[in-house]
Amino acid sequence: MVKICTANEAVKDISEGMCIMIGGFLGVGTPDGLVQALVEKGTKNLTVITNDSAFPGVGVGKLQDNKQMSTLYTSYIGGHPESGRCMEEGELKIVLTPQGTLAEQIRAGGSGLGGVLTPTGVGTVVEEGKSKIVVADKTYLLEEPLKADFALLKAYKADCHGNLIYRFSARNFNPLMAMAAKNVIVEVEEVVAAGAIEPDNVITPGIFVDLLVKGR
Amino acid sequence: MDKRVRIAKRVAKELHDGDVVNLGIGMPTLVANYLSHGVSIVLHSENGFLGIGPEPQSELADKDLVNAGGKPVTIQENGCCFDSAMSFAIIRGGHVDTTVLGALEVDEQGNLANWMVPGKRISGMGGAMDLVVGAKKIIIAMEHNNKDGTVKIVKQCSLPLTAQAEVDLIITDMAVIAVQKDGLHLIEIAEDTTLEEVVAATGAQLIFSEDNIRIF
Numbered sequence: 001m002v003k004i005c006t007a008n009e010a011v012k013d014i015s016e017g018m019c020i021m022i023g024g025f026l027g028v029g030t031p032d033g034l035v036q037a038l039v040e041k042g043t044k045n046l047t048v049i050t051n052d053s054a055f056p057g058v059g060v061g062k063l064q065d066n067k068q069m070s071t072l073y074t075s076y077i078g079g080h081p082e083s084g085r086c087m088e089e090g091e092l093k094i095v096l097t098p099q100g101t102l103a104e105q106i107r108a109g110g111s112g113l114g115g116v117l118t119p120t121g122v123g124t125v126v127e128e129g130k131s132k133i134v135v136a137d138k139t140y141l142l143e144e145p146l147k148a149d150f151a152l153l154k155a156y157k158a159d160c161h162g163n164l165i166y167r168f169s170a171r172n173f174n175p176l177m178a179m180a181a182k183n184v185i186v187e188v189e190e191v192v193a194a195g196a197i198e199p200d201n202v203i204t205p206g207i208f209v210d211l212l213v214k215g216r
Numbered sequence: 001m002d003k004r005v006r007i008a009k010r011v012a013k014e015l016h017d018g019d020v021v022n023l024g025i026g027m028p029t030l031v032a033n034y035l036s037h038g039v040s041i042v043l044h045s046e047n048g049f050l051g052i053g054p055e056p057q058s059e060l061a062d063k064d065l066v067n068a069g070g071k072p073v074t075i076q077e078n079g080c081c082f083d084s085a086m087s088f089a090i091i092r093g094g095h096v097d098t099t100v101l102g103a104l105e106v107d108e109q110g111n112l113a114n115w116m117v118p119g120k121r122i123s124g125m126g127g128a129m130d131l132v133v134g135a136k137k138i139i140i141a142m143e144h145n146n147k148d149g150t151v152k153i154v155k156q157c158s159l160p161l162t163a164q165a166e167v168d169l170i171i172t173d174m175a176v177i178a179v180q181k182d183g184l185h186l187i188e189i190a191e192d193t194t195l196e197e198v199v200a201a202t203g204a205q206l207i208f209s210e211d212n213i214r215i216f
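For the record, the sequence lines run as chains A and B. Straight run, no breaks: the first sequence in UniProt numbering ends on number 216. Straight run, no breaks: the second sequence in UniProt numbering ends on number 216.
Bound-form chain B, shown alone (with noise of 0.2 angstroms):
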């Protein structure tokens, strides 16, 4: 299976029907598809509105219908429209259930860098470092390890950080980890993997027992 597909499908098991969900542009807006049955959730479009659907054919594009990347999306019946300081209060007043992000490092504290690397072109931050204070849930959705092989679960960040000690959930093509007070507890790992492997692949210490690690 596709990794970006597996990490997506992963992460659709965290939603819960009747939440109030953003997912971050790029692998995550994916999750949306591989919702449980029976589950329905709500799309937060941080361009303010509530509600995304699915996007349009090309001749039924709205031009004032996109979503946060600027591509052409619908909006659902339940939906409704708001200004973008509507918009963050959403966001940082904890009306968002869950928030599903890429990463460049995630760290043992819960840290996450994901807006900038030093010496590289810079983007901004957009609104994800309000997503990251404010979403009741933040689950970081990448792959294990950067393409080169190096490790993006890490003891520290060492880029500049996006929020400190907000992560709750890190969701990779190999494992599933949940971030807690104590560090980063190792809860499930892939079926075509190793918790040899995973531990190999990941920068920082691991909390585990071996027996209740389960397989996805």
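Just chain A, with the same shape it has in the complex (with noise of 0.2 angstroms):
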């Protein structure tokens, strides 16, 4: 059994300078429960790992509105302007990764993995500092795996062992980042039943779910 708190207890051991993944895609699949009591515990100092800003006042985006984080990992920043505003001059770290990268970077890290090899943002700024390895004539960049202290995730629902299911483009990042952080924390819209989700249709072991936190 997992065990199920509220949004405020289960962030209540992030403490400043951890790194962080949320899941979400422009707000869609977004923990709003989790992000939420962490900006009302007002922890600074945060490495995030998303994939957007997404928008004032919406999912990631209010982390970026309350200044909580010192570095981001992410592709998209273009809907925060304050998150543009802020790399400019320096007051936030941002690294800048093509989405796919920033996938399998997730994955590598949940897996296992030294990195992965992808030919994406070879010839451009992206391979500035990195490793180029040819394999069979075709050039590749190294990209080395993320882990996290924290993963704070959204699926649609839970059965009380914590195996997830998802719905529609919600799903994104939330399964990648439940393997790569010490701690899973997921906001679920219902927990159901042990059996009620067929062992088939379960997109997210539950064994990598530490806790559970009942949203919308």
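These are calculated hints, taken from the structure and not from any lab test. Don't take every hint at face value.
[To be verified] Heads up, simulated DSSO-like pairs for lysine-lysine below, C-alpha to C-alpha not over 27 angstroms straight-line:
| id | chain 1 | residue 1 | chain 2 | residue 2 |
| --- | --- | --- | --- | --- |
| 1 | B | Lys181 | A | Lys132 |
| 2 | B | Lys63 | A | Lys138 |
| 3 | A | Lys93 | B | Lys137 |
| 4 | A | Lys132 | A | Lys157 |
| 5 | A | Lys214 | B | Lys155 |
| 6 | A | Lys130 | B | Lys120 |
| 7 | A | Lys138 | B | Lys120 |
| 8 | B | Lys137 | A | Lys157 |
| 9 | A | Lys132 | B | Lys137 |
Now that you have both chains on their own, put them together as the hints suggest.
And the structure:
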């Protein structure tokens, strides 16, 4: 059985300087209750790994509004003008990474891999400072794995063992991040009985999940 | 005819029945409205599903179902959902037949710049770099020149690249240009323009034989 608690209890051990992965794509599939709890807790100096900084007042955008991040690994900040301004003025270190590369870095982090070789970014600024490896006459960049202290995720339903299913495009980075963090907290719309999700339909195995939080 | 509609209609002619296609945000999304009779394509959304359907009426919008621009969409009967690693495996693995994107600059080598302008606020590359490296055919759909008249089709890109030597076809309001090893081949011009006007509006060498140029 996975413990179910409130959002505020769930984020209590997140402290200054920690690295956190947060699921979502422009706010869809982001655990809004957990992000709100983190905003209320006010923890600063966080390193956040997430696809995008969403929009002002939406999803991960709230951590940008509240200036709680010191480093952001992401693929897109175009929805939140403040992210761009903070990057320009050096208030926030932003590591911009192609979206597919970011997904693979997280997958590698959770899969025990030393990184991945991708052709994406060869011949662009993305290759700066990275090893280039040629395999069968094609050049790839070595992209290193990413891991985190906490993952804050959103799923549609969990059973009481933490097995997860998602809805439509709200899945995005959530299943990948579930594998790549030491502590995995998942906000779900509903917790159902054991067996209510067919084993064949489980997307994220419950063994990755540490805490469940009821959200919307 | 509106320039954007003209470009979208011409791009639509490049798509074949059964193709898996990723349409970039903005004008490329119009292409889906102009498919030839009997042509049905599968639209890929990089936030994690295949089978993008039409925009829903606002009261039917589903909070978990948006396109890569964050706009509500529907999913078709043949659709399926997956996580971001799978989504980009589909892209990078060569399972997308065609992607259609806009550009800031394209050059004679098929290099593309469409993600940043030094000195201007940065948005991030999102999924663009993976799409341009991974899809089998890359079509650039854009107005021939910038609003101020400066050229977008150039000898050599001066802006930071999105990808190197990946563009296959450039479709503008004035012309259709195929990118080949030896340079840019002008294959069609719009019905209301002349060869001289196209050449004058292009900042790169165009290869053509006057007798073989078709009108669109």
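Evaluation of the provided hints:
1. B:Lys181 x A:Lys132: 24 angstroms, holds
2. B:Lys63 x A:Lys138: Violated. Lys63 (chain B) to Lys138 (chain A) sits at ~41 angstroms, over the 27 angstroms cutoff.
3. A:Lys93 x B:Lys137: 35 angstroms, violated
4. A:Lys132 x A:Lys157: The hint is violated at about 42 angstroms.
5. A:Lys214 x B:Lys155: Roughly 57 angstroms separates the two Cα atoms, so the pair is violated.
6. A:Lys130 x B:Lys120: 25 angstroms, holds
7. A:Lys138 x B:Lys120: Outside the cut-off at roughly 33 angstroms; violated.
8. B:Lys137 x A:Lys157: 38 angstroms, violated
9. A:Lys132 x B:Lys137: 25 angstroms, holds
Of the hints listed earlier, those the structure fails to meet are numbers 2, 3, 4, 5, 7, 8, in rising order.
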